[in-house]
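Asks: Sequences listed follow chains A and B, in order. Yeah, the first sequence ends on 202 if you go by my numbering, and it's all consecutive. Yeah, the second sequence ends on 161 if you go by my numbering, and it's all consecutive.
Take these hints with a grain of salt, some might be off.
As the list claims (entries may be wrong) - DSS-like cross-link-like pairs, simulated, lysine-lysine; straight-line CA separation at most 30 Å: (1) B:K75 to B:K109; (2) B:K75 to A:K152; (3) B:K25 to A:K85; (4) A:K19 to B:K109; (5) A:K19 to B:K75; (6) B:K75 to A:K110; (7) A:K85 to B:K108; (8) A:K26 to B:K109; (9) B:K109 to B:K147; (10) A:K26 to B:K75; (11) A:K99 to A:K26; (12) A:K85 to A:K110; (13) A:K91 to B:K25; (14) A:K152 to A:K91; (15) A:K85 to B:K109; (16) B:K108 to A:K26; (17) B:K108 to A:K19; (18) A:K85 to B:K75; (19) B:K147 to A:K85; (20) B:K108 to B:K12; (21) A:K19 to A:K152.
Just so you know, these hints were derived from the structure itself, not from any lab. Just so you know, these numbers come straight off a predicted model, no measurement behind them.
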Amino acid sequence: MGREEKIDIDVFKVVSRAIAHSDSLEAMTAYLSQLLVAALGIKGCSIFALNPETGELEIIGTFGLRVSFLNKGPVLSKKSIARTLKGTPVVVSDVEKARVLQYPDQTRAEGIRAIISLPVVLYGQVIGALRLYHREVWKISDRDLDSLLVLAEMIGLAMSFTRLAQGLHAVREAVGGVHMDWLISRDEG
Amino acid sequence: MGTQKLLLPYNFTDRDRKAMEFTASAFAPQGDVEVTLFHAYLSLPEVQVQDREVTERLRGGMGYLQAKISELESDFQNIRDELIDRGFPPARVRAVFRPRKKEVLDAILDLHHRERFNLIVVSRRPGRIGRFFAGSLHTKLIDALTNVTICVVS
Numbered sequence: 014m015g016r017e018e019k020i021d022i023d024v025f026k027v028v029s030r031a032i033a034h035s036d037s038l039e040a041m042t043a044y045l046s047q048l049l050v051a052a053l054g055i056k057g058c059s060i061f062a063l064n065p066e067t068g069e070l071e072i073i074g075t076f077g078l079r080v081s082f083l084n085k086g087p088v089l090s091k092k093s094i095a096r097t098l099k100g101t102p103v104v105v106s107d108v109e110k111a112r113v114l115q116y117p118d119q120t121r122a123e124g125i126r127a128i129i130s131l132p133v134v135l136y137g138q139v140i141g142a143l144r145l146y147h148r149e150v151w152k153i154s155d156r157d158l159d160s161l162l163v164l165a166e167m168i169g170l171a172m173s174f175t176r177l178a179q180g181l182h183a184v185r186e187a188v189g190g191v192h193m194d195w196l197i198s199r200d201e202g
Numbered sequence: 008m009g010t011q012k013l014l015l016p017y018n019f020t021d022r023d024r025k026a027m028e029f030t031a032s033a034f035a036p037q038g039d040v041e042v043t044l045f046h047a048y049l050s051l052p053e054v055q056v057q058d059r060e061v062t063e064r065l066r067g068g069m070g071y072l073q074a075k076i077s078e079l080e081s082d083f084q085n086i087r088d089e090l091i092d093r094g095f096p097p098a099r100v101r102a103v104f105r106p107r108k109k110e111v112l113d114a115i116l117d118l119h120h121r122e123r124f125n126l127i128v129v130s131r132r133p134g135r136i137g138r139f140f141a142g143s144l145h146t147k148l149i150d151a152l153t154n155v156t157i158c159v160v161s
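Model the full structure from these sequences, guided by the hints.
Replies: As structure tokens, this is what we get:
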């Protein structure tokens with residue numbers, strides 16, 4: 014693949030609508046992964062959340078990768094394309110020439126030839142990663158990389174929002190189970 | 008007691024495999040348990056944008072998405088076969104592989120409301136942060152259902 018532009022405004026509209034119209038993070042990330050795979054003609058896509066205590070990247074949504082590859086073992090941020098976790102996008106145009114992979118043998122066995130890894134950032138903190146996997150050598154254009162970085166920022170906002178929405182829902186459920194007599198003092202009357 | 012109806016949601020994680028192995032070891036010897044192995048994948052996106060070229064490109068990509076889902080369905084049938092190999096009679100293991108529009112929870116509840124299972128064996132979502140962001144399926148199931156035994160495999 015050359016450095017042709019693959020992401021134009023219409024592709025961007027389609028994928029950003031997937032973010033805006035989803036009310037669950039699990040569905041949003043799965044849907045977004047499907048759309049990116051279809052729109053870019055790539056092999057697969059995964060969206061991770063970073064566990065700051067263990068340094069592990071936990072999959073939130075994914076598409077296109079085989080079960081055996083997904084279950085290969087923990088993806089550790091310090092060993093797997095580590096610069097992403099410093100907030101920098103990492104382009105592995107050809108995995109055959111790369112030394113930044115945690116599971117190089119499994120990556121080759123999966124038929125992956127190139128990986129683009131983008132940080133998912135919220136308020137300046139890296140909270141996850143968006144990874145795109147291609148079956149061919151991939152020299153991504155600067156413009157497409159910029160577009161994907163913006164998309165990763167939107168994912169960060171969506172992660173924050175859905176978590177907040179879930180928290181509010183949990184509070185509503187808890188309060189809904191409390192009888193009014195327990196909330197209002199009888200002395201008030 | 009009549010036949011017990013057991014639902015086993017399966018999403019191909021290591022913990023789902025543990026849940027499958029637990030189901031086989033605990034319930035296959037009983038002989039009166041009917042298992043529904045269940046996977047609900049997200050429906051393929053419906054794409055319609057003004058630019059016909061983009062729409063066509065995305066539609067072209069849909070063929071690949073469909074092929075990947077077929078591959079997943081084949082893997083899913085292998086899990087059903089494994090349950091049979093581990094002792095369940097073939098007539099007592101059903102594999103339900105279907106699209107969904109919303110969360111997995113909604114798909115499970117929808118199936119349960121139609122079929123009324125006695126028992127659900129569900130795995131705990133791996134990863135604390137994943138649960139923090141995406142929520143916990145087993146907690147939501149416990150909150151949503153009554154008169155069902157729910158086994159959580161962690």
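Asks: Which hints, by number, does the structure contradict?
Replies: Every hint satisfied by this model.
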